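S.K.: Be aware that the sequence shown starts at 34, since it is given in this note's numbering, and climbs by one per residue.
Calculated directly from the structure, the hints in this document are not laboratory data.
Being a predicted model, the structure only gives us computed values, none of them experimental.
Glycine included, every Cβ here is placed at the ideal spot set by N, Cα and C.
Do not take every clue at face value.
To be verified - Ranges of calculated distance between the beta carbons of each label pair, as one might list FRET restraints:
| id | residue 1 | residue 2 | range |
| --- | --- | --- | --- |
| 1 | P118 | I45 | 26 to 34 Å |
| 2 | D109 | G64 | 24 to 32 Å |
| 3 | R73 | P118 | 28 to 36 Å |
| 4 | R92 | A131 | 45 to 53 Å |
| 5 | H68 | Q139 | 32 to 40 Å |
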Amino acid sequence: MRDNALSTTPAIKFQRGEFVLYRDPEMFWTGQAGHTFVCRVDRVCLGNTYDLTPLAKGRPIYYANPDYMRLLPAIDAMRDIDTAPLNTDGAADDMTAAALAWLTQQHATANQRPELPAQRD
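The whole structure should be built from the sequences, with the hints applied where relevant.
M.R.: See the structure below:
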């Protein structure tokens, strides 16, 4: 009687292209290692299931049950950039290469002189 069972799953509809954490239920319940991994949602299927591509393995997972999926929000991936203490010595040592590249690009863009509009006759 699944209808009476409590669900710990947040009511969420995943969208194509989102990143999720997926736990393979068969591997988990049989005690196998490597049962939880990051995937990209490739297709939303009928019956509230999803086709996923694991980022590390690359082998598709078809009809994944959303009860075993959790959204990986972009804000979590970008937290090191958003909270970087840029005014301290050695702050860049704790940042990822991607964060440094992004900050360098922002700095270069911010220091460019704005273009003046074309003069009208």
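S.K.: Taking the hints in turn, state whether each one holds.
M.R.: So, going through the hints one by one against the coordinates:
1. P118 with I45: 26 to 34 Å: holds, 33 Å
2. D109 with G64: 24 to 32 Å: Check passed, 28 Å falls within 24 to 32 Å.
3. R73 with P118: 28 to 36 Å: holds, 32 Å
4. R92 with A131: 45 to 53 Å: violated, 26 Å
5. H68 with Q139: 32 to 40 Å: holds, 39 Å
Comparing the model with each earlier hint shows a violation of hint 4 alone; every other hint is respected.
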